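Asks: Here is what each chain is made of, one letter per residue.
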Amino acid sequence: MGSFLARRLGQMLLTMLFLTLGVFYLVNLEPNLRKLAISQTEMHATDQELESWLQKNGYRKPFLVRYATWLGLWPKLPNVDPATGAATARFSWCDEPAAPKFSGVVEGDFGCSTKFKVRVVEKLGPALEATGLLMFWVMVVMIPVALVVGVVSGMREGSRTDRTLSVISIATTSTPEYVSGVVLTIIFATWLGWLNGSAASATEGHLSFYNFTLPVVTVSIYGMGYVARMTRASMIEVMSAQYIRTARLKGLSFTAIVLKHALRNALIAPFTVIMLLFPWLLTGVVIVEVMFRYQGFGQTLVDAAGNNDIDLLLACSIVSVALVLATQLISDVGYAWLNPRIRVH
Amino acid sequence: MIKETLKNGFWRKSLGAWAAEAREGSIDRREFLALATIFGASTATAYGMLGLAVPTPAHADETPRKGGVLRVGMFVKDQKDPRSYDWPEMGNVARQFLDSLVTYTREYTFEPALLEKWDVNADATEYVLHVRPGVTWNNGDAFTADDVVFNINRWCDQSVAGNSMAARMAALIDPATKKAREGAITKVDDHTVKLSLKKPDITIIPGMTDYPGLVVHRDFEKDGKDLVKHPIGTGAFELVSFEVGKKAAFKRRTNGKWWGGESHLDGVEFIDYGPDISATVSAFESNELDCTMKTDAGYVAIMDKAGLIRSDVRTSATIVARTNVKQKPYDDQRVRNALQMAVDNATILSLGVDGHGTVAENFHVAPIHPEYAELPKKSRDIAGAKKLMTEAGQIDHEHELITSDEEWYKNTGDAIAAQLREAGFKVKRTVLPGSTFWNDWTKYPYSMTDWNMRPLGVQVLALAYRTGEAWNETAYSNPEFDAKLEKALAMPDPKDRKVIMKDLEQILQDSGIIIQPYWLTLYNHRTAAVMNYGMHPLYETHLERVWLKA
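Protein sequences, first through last, are from chains L and G.
Quick note, the first sequence lines up with residues 1 to 345 if you use the working numbering.
Quick note, the second sequence lines up with residues 346 to 895 if you use the working numbering.
Warning: the hint list may mix true and false statements.
Unchecked claim - Restricting the straight-line Cα-Cα distance to at most 25 Å, the calculated cross-link-like pairs of lysine to aspartate or glutamate (DMTMM-like) are: (1) K523(G) with D47(L); (2) K523(G) with E51(L); (3) K592(G) with D332(L).
Hints in this document: simulated from the structure, not taken from any laboratory.
The model shown is predicted, which means the values in this text are computed figures rather than measured ones.
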């Protein structure tokens, strides 16, 4: 078990290294650097002005040197005025050092967000917290409903209940969030006025039933149908297994069979799906967060990409890799717990 | 008061003469107001010379209520050095705690703000600025001539990347040093500053009113040019918190008094609901907003329907489909003229922005400009366009019209493309996201750009169509045009200027470099509780006198 975890951790670090190197290459393509320089100077700035900005702030140093600086394996250098020789911090708004210093990811410094004019951690921390909160409530709503719907329709395949629930599940899964979100907002916010069609105030620390229900429901119903279908398929398979028939023949009640014998075995497949939902949610919330103006990870990712905010984008990719691999780890360990025949080693 | 402001005989005489003309109707009343106030007459004086009272804003008879926090829907962009602002939204955040020397009003007049008044000599080469006494910064320092000198010097620094004020202050700058010319800015005493221009320029005062012209404290550079960390200002409010993309919050100034008295509002919040209008509508429905900073034309009907009150203002803000004359096939004037002839501007107005504006005539001077001269109206001529394009040998050329993805850009571009196709030209439409479109906005062969309003007609011509200007996206270069424009920029009397203007308009129209379909009318929306709040032609948000009904 110990070596399994160590291997997984090593794999995670290696993936991060390669992914960030890839992202670093992409954000440093010439048009992207230009975009950054424009946003940091002025929309109508001339080419020379843009070039001098890039030069001054170290964006023209060799690629690998800059990547190593970001990692923290090479010292971060301040801006030096060629005329006076005076060193000043590159970005005054994020307390960058005014003297050369090893300060990168390895040292725990994720850099400066050029779009939000704060340190990356100051922006990403609250954003992740906000998205975490959204994901938590999505899971709380989605998983129980999906499992109940899946189990109920799967335990009697082909019954009227099964057909009805299947239609509903398929309908919700096949409706993208940007459709269901708009439909729900029109019905519940504009027509009925029961709920709040914007979640902007939720990120301000005023989370309430009114401003949070619509985003949660919009994300939930999309994932719900999917998980329910998976659960149903798995349930059907289990219900037709030999040991269920044996239990039936022994005279056990239907309820006891479903709860004691079928359920645990039927949950293995949906468990994987649910675990895979976490990484999907992290990026899948982009649409919902933008639509409801909820300031979480998705919104941050959009803003960072739109403005070529280099350090923020790199930090976002680290978070994504960590989450994907962490959920995979949990699902591997979870398998072993749900199915004693599987061993983790 | 008139004697005081118009010490100089020439100005008294000519202003008096203009006033008489305005009364008789030979010059437009709006024209007179704009001009009189540029040259130092206050709005009240100017109206007085017309024999009119200053119009009072609606509901002025109601006693304003003190209190409440106004929540304004607006993009909260990241802050930078004011002189390099490129979005009015940046200015609007800073404007709550900073002031400008002179402000441009919703009535198209110039009002002194941090200046008490200013005098101009006969040929507009010398300006005397009188600094308003009794103004204090919110850190306790007194506002003096030193602050004014410091700011004008900053504006003149051409070596700073993205300093757009340098273009407005060109008459004070030494091209060799790229800084203010020796002796151009003189401190006479603690409350007087003298500007000596190297050539006549009537646009200096209007240039100071633009949003990059907000005045910062003399220690701004020392404090690291960071307005968020050091929000030192002279304005009516103080910055409480600032988060990009989220919210900027202000409270009524507590530290010392604002020179204009005291704001009615306890505080102001700018809240960012992003580019999707449905989020803003939802915000009104759930009572999270009181008003918008602006409402884009395409959304006016939606906001009207949501039960909000609309405010509108006519402007000389516009959009142009411009060709870059350095790129083939647009180096051929016949191609450019053919494109113009194939398009009916009135149709573009109704398709592009639902008719929220007035028709323009492809020469970028608006009827609300004081020096506007009328040219014969042109109408669409498909046959002529085809013939001209064939003559140029470009009838098979596929034109690529590039626009940003903003709704009105896209719609206007699509409408123009449709009209060109109707005339038998091949057109490909490319829509780029706003974030990438602006990377190369001056370089595209054929694309669309919006231009903000400027109070005088000569101003945009000088920025956009003069040889070698940074914003000259058409790469147009015509010595005759440049020379005439130079002359016009030194002509204070709009009647003289009109004559030259007619030539300039004609040259520009004939060159075919722009299809300029319409002038925009601007809108914003508010709930019934918001009083004394209206759309400003330059997207400025002035909230000192706004109040909220109980």
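Asks: Need the list of violated hint numbers for this structure, in ascending order.
Replies: 3
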